[in-house]
Amino acid sequence: MSEGALSHLRICDFTGQLAGAGATRFLAAFGAQIIRIEDPVTEGRWDILRGNPPYKPGQRGLEYGGAYNNHNVEKLGITLNLRTDRGKEILRDLVRISDAVTENFAAGVLERWGFNYEGLKAIRPDIIYVSNCGFGHSGPYRDFKTWGPIVQAVSGLTFSSGIPDQPPAGWGYSYMDHTGAYFMAMAIMMALHHRNVTGEGQWVDLACTEAACTLNGPALLDATVNGRPLRRPGMPDANRSQFPPMAPHNIYAAAGEDNWVAVACRNDGEWATLRQFIGERWASDPRFDRISGRLEWQDELDANMTAFTSARDRFTLAESIRALGIPATAVQRPEERIDKDPNTEGWGLWPTVQHTLMGEVRVDGLPVHLSETDWHLERGGPCLGEHNEQVYGEVLGMSSREIAGLRAEGVI
Amino acid sequence: MNGPLQGLRLIELCSENGSWAGKLFADAGCDVVKLEPPGGDVTRTYPPFLDDQPGEGRSLYFWYYNTSKRSVTIDLETNEGRDAFKALAAGADFVLEDRPPGEMARLGLDYPDLRATNPRLIYLSITPFGRDAPRAHEPATDLTIFGGGGPAWNNGYDDHTLPPVRGGGGQAMHTGSHFAVMAGLVALLHRDRTGQGQHVDVNMHAAANVTTEAGSYTWLVAQETVQRQTGRHAGTRQTMTSQLECADGRWVNTGVPPRRPDDFVRCHEWLEAEGLLEGFHAAPLLLEGARRERIDLSMLQEDEELQAIFGAGREAMAFIASRLTAYEFFTGAQGRGFQVGIIYSPEEAIADPQFVDRGFPTEVEHPELGRSFTYPGAPYLFHGSPWAISRRPPLPGEHTEEVLAQLKPTQ
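Heads up: the sequence lines are chains A and B, in that order. Quick note: the first sequence uses our numbering, first residue 1, plus one each step. Quick note: the second sequence uses our numbering, first residue 1, plus one each step.
The set of hints was computed from the structure by calculation and includes no laboratory data. A couple of the hints might just be wrong.
[Claimed, not checked] Taking lysine to aspartate or glutamate pairs in the EDC-like style, the calculated list, with each CA pair at most 20 Å apart, reads: (1) A/K56 with B/E328; (2) A/K340 with B/D132; (3) A/K340 with B/E224; (4) A/K145 with B/E328; (5) A/K145 with B/D132.
[As the list claims (entries may be wrong)] Label-pair ranges, simulated between beta-carbon atoms: (6) A/G393 with B/D83: 53 to 61 Å; (7) A/D93 with B/D296: 34 to 42 Å; (8) A/E200 with B/D296: 44 to 52 Å; (9) B/G337 with A/V41: 17 to 25 Å; (10) B/E365 with A/A122: 38 to 46 Å; (11) A/V197 with B/E365: 26 to 34 Å; (12) B/L300 with A/R45: 13 to 21 Å; (13) B/A87 with A/N267: 30 to 38 Å.
We put the beta carbon where it would ideally sit given N, CA and C, even for glycine.
Generate coordinates for the entire structure from the input sequences, incorporating the hints supplied.
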């Protein structure tokens, strides 16, 4: 791969799943050397995505997990048994030549192996250590275990994702594993810049529940400042818009099975246009002329909208409404937004990487383009210990005999 | 101690879509100068309002997204305003803008217009579909980006007569902003080494598309389509329910049910400790699970007793939940090693002992109101260069004089 913006950086990386692996994935896309360390004894199964579906047709097993591949593209994979003294010694050698150490174990795991921040700092004074877990490394819940849905539940994100008179809908994916990884990537890079300026490393303690709790700001201030909780009758109502108020603003049924169209009418002028387009008598009801009326009679407005949309094709309807300058979209299925949306393909959003055993696989790309140092994703996620020779040999300078010895002793 | 981005300056020309990115820079110590048109940015008119009274400086929406920033009023439709913008950009590390594609070029304030004067400048553009994209000029909001970009398809209920759910809180805007900050930091680290600035094009719709976990990669890898389910991951097959209503009417996410022999031991102990053993009909099956040497869930189809044991574990958790408050269930389960989460509303989360103990709720003084208010706090704890809200959100144009005075040539 060509020289990238971060090609000068090396990360000693214990992250896995998505909440951690997603962070170092982003750095890897810009050329950072990510040395991902896995446990040879458990064959890396701490990362439950290793070997889990989806699989390409006809494949399955430890090296074929589609999610693992997606989250670990462009990383180097090594095995290292930290239960052994020799393994700990090798880790110290690796830390000495790394810019940062990253992990998303439960709080205290790395510390029990003897590698808390103080320990890492003793090895390399300007080391940056970024830990990422659900509740952080302090507080009464320090030992509580989490994954994305638990983080979302405790932080308020599950609650705020719902519609009235229903239980929480929550998130149909680990939004906070993705977003925890984004905050982790920011933390790593902010700390690196700080080190570039001051020469000092540091520990960043990232608690995904806290990162998540920053994502409902206006609703939280409404509670802390005005005393109005989000837990109140009629709320949450995530498909409607409270800040700013907009109506009609919802996801409406369209023709066909499980087909939906989202419409966001932003102001009175847009409603005047949409009303004409709809052309039915209810739409010219003067109660709906102003936003105050459309909010007051929103249930009736939405019922009328649904009657209008549910007989129509979602793509055609959304396109017609957008042509009026009003935001609208079909709720797109994966196939539609991945293979049939010119905007994602034209962006290069689904690059194909080469995985040693899986072969060619498409993965998530990045939603940014940098004019001078853009990202590249070409190599798939590493097989277990795939880069042992490269890392122990070329990076740490061991001979092939030494490496063979480590393997025989169960150190790698 | 100062934040990790201390010493950097960012010129922000953002409204709804990019103000969150600006706040992430500002609370990390970067000097963020927010440029607002005469009359102020439109988000100053967004509810909720302090004491529900609209008026200058009272939008809590604006408050939240603009902490630690300074505000300068500038009219970019005038030559004078554009000159001031150029002068500010000449001395800045970043420009962050979320104007519609083409607008900055029309004003003569796009990256190519500024780079010659300041080759170190990092210019971040956030737009709904990317600047040169086929759909670049389509109107979009948070709802339509999450609707068309993937997340909404994943979220909702087992009952598919109910609509997909967007997810609350403006997350399409947040996700775009997260990538703007991440890419901006990549550009900064590159500049630290080379002195070279650049332009960064951030695409909110693409950001939503790559933030759907299995929604995307199940299609990319296996050409299968996930289906939404109540409160849990959308999947290609229906999975077990994961939310329970507790005795106080509040909900919990049950996480992972008992599945290892010692899980069944602790589950049985818990029932006993709560005095619920008598009332639970399947307690002997829990003991059976505890006695097994190992439990192989891949044998679930073939092993009928195992099915009964696994079912009893789930039932036991549901039974306990029905007798305890959500908070008792959450802490009781976690204290016994079960991954469970209470489903808090946001205001309940911020008041929880864990969040309080770590100092998450943050008091911010608003001197002109003679009051301080509790804001959500740090998304990450930097031990060497702390995150901080350095000042309350600015009043419109509050810093116009002090910022523009610095631009005047000092002979």
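Outcome of the hint check:
| no. | hint | result |
| --- | --- | --- |
| 1 | A/K56 with B/E328 | violated (43 Å) |
| 2 | A/K340 with B/D132 | holds (18 Å) |
| 3 | A/K340 with B/E224 | holds (15 Å) |
| 4 | A/K145 with B/E328 | holds (16 Å) |
| 5 | A/K145 with B/D132 | violated (44 Å) |
| 6 | A/G393 with B/D83: 53 to 61 Å | holds (58 Å) |
| 7 | A/D93 with B/D296: 34 to 42 Å | holds (39 Å) |
| 8 | A/E200 with B/D296: 44 to 52 Å | holds (50 Å) |
| 9 | B/G337 with A/V41: 17 to 25 Å | holds (22 Å) |
| 10 | B/E365 with A/A122: 38 to 46 Å | holds (40 Å) |
| 11 | A/V197 with B/E365: 26 to 34 Å | holds (29 Å) |
| 12 | B/L300 with A/R45: 13 to 21 Å | holds (19 Å) |
| 13 | B/A87 with A/N267: 30 to 38 Å | holds (35 Å) |
Against the hints set out earlier in the document, violations occur for numbers 1, 5.
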